[in-house]
Amino acid sequence: MIGVGYRKDFAEEWENNPDSLSVDFIEVAPENWMNVGGYWKKLFDKKLQDYPLFTHGLSLSIGSPDELDFKFLKDLKTFLDSNNVVIYSEHLSFSKCDNAHLYDLLPVPFTEDAVKHVVKKVKSVQDILERPLVLEIVSYYSPLAAEMKEIDFVNAIVQESDCQLLLDVNNIYVNSFNHGFNPVEFITLLPRDKIAYIHMAGHLQVDDNLIIDTHSEPIINPVYRLFEFSLKWLQKPIPVLLERDFNIPDLKEIQSEINELKRLYNKSLQKEKEHVS
Amino acid sequence: MYLKEKTKRQQSLLAQFTRTGDQTIITHLDGIKVQGIRYYRELIFNIIYDGISNAYPITTNFLSERVMMNLTHQFFSHFKCQTPQVWAMPKEFMDYIIQNQTKLCLKYPFLSDLLLFEWAEIEMFMMPDQPFPNFSEKGNIATDKVVLNPEIQVLYFQYPVHILHPRKIKKKHKGEYFLLAYRHPESKQVIFTELNRFAYLIIEALHQRPLSIEELLKKFFNSYSENEEAIVHFIKQAYENKIILGFAK
Ligand SMILES: [Fe+2]
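Line order of the protein sequences matches chains A and B. Per UniProt numbering, the first sequence starts with residue 1, numbered consecutively. Per UniProt numbering, the second sequence starts with residue 1, numbered consecutively.
Same shape as in the complex, but just chain A (with noise of 0.2 Å):
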């Protein structure tokens, strides 16, 4: 299952020529489309009805001191129960601090303190929400007061919430390259039965040393490579999406991404079940 990130930015194109573009579902920030009507809701609803509905969150700030906005999530799941939404996913990170919404992904600390009070917050969204959440692994520019190796961090929230993971390989890739470390091996120590869904998405390199993953690019090859041997790794048939947030283009290179995304799923998929049987 391959999905692409639904915008504005090309509903109207892809409305005129439903053929422009092929995929298997469509994910949506619900921020973006939750209490929203007129006329590209409109075009959003016709899409629905063809298509599996995907979700990414951005201000849930699971990795916030503040509390949990409670009326936000209950607008959060009318949202999701009343397009089917087939996953809700978020970010390990915080876009709010002392009451103020960022509208950005700021790294938490990796200490054990923040594990317990993250995992407690997991626990309550997904008592709320009536299910699962998925968490992303984010891309950083910084640590800030870490205690912990990220790895293990992550790890012990999964572990201690029960939540599922998003395996952004981009992310990955970004972080490896930030913060010195090898992204194979790193994969390979997350929980692989906890792993539900997958991003891929292109970046932007600043300087020699720094990557902003800004989901301005094409997908480049070395993310592809982790890509295909994620999916190796996993063993198991999983939705990817591509992530395209600026710097547009046309329909016909987004297809042309998502093709080589499909190529590679099917190969890896394949080789997987020769190798088994």
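Everything labelled a hint here was simulated from the structure, so no lab data went into it. There may be inaccurate statements among the hints.
[Claimed, not checked] Think about it this way: if two alpha-carbon atoms lie no more than 30 Å apart in a straight line, the pair counts; the simulated DSS-like pairs of lysine-lysine are:
1. 77(A) - 46(A)
2. 242(B) - 41(A)
3. 170(B) - 103(B)
4. 41(A) - 91(B)
5. 138(B) - 41(A)
6. 116(A) - 6(B)
7. 138(B) - 249(B)
With chain A fixed as given, assemble chain B with the ligand onto it according to the hints.
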């Protein structure tokens, strides 16, 4: 509370840094890469500025990018953004400017009208679909009660920000301007149309409940010299433009 004070404080400091850009905060952050931390401020400020300047293109063009960036900086460092929906954040910017930028609003007395006008377009595009009342498309315009499109908003301005470029607005233009914004029921496009005070009152009355021309005349005949012909003309036009959907069942 599982979170230690120290962890909480580090997160709070990082958040403060991204909101204010205050470089002195960086020295209080533990175990960081300075260049990466600076990027967070830049990325977040750009998200906020892009959101605001895209929501208010006329205002940005009029005040200049430099002034708008400065206002964005004031807003984001002092105001705690409340909406979890980033597209709605520019509304909080507008409220902040109107409430806190007294000097600027005195210098440009039409500024609040201009911001309201620009925000109204986004709000009308994005607001939840309203329940449509029962109505029939056929009826007798002279005798039947007419039903108003529920997806409308009436804006009241003191300056003609919807007609003139802000550079051309002078003190002498101060007056009373009514602008109707509505969603076309089929295309869902947002349309603006100017109203006179009389048309505004008709819309307000129809907003309460469907009324016939006769009832509207009764309501306004004493206070206004408008005749039946003017009302009929307005209702007919509003019906053609889908401001009025049809007739009460
Ligand atoms: Fe992602």
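- Task: Enumerate the violated hints, using their earlier numbering and listing them in ascending order.
- Result: Failing hints: none at all.
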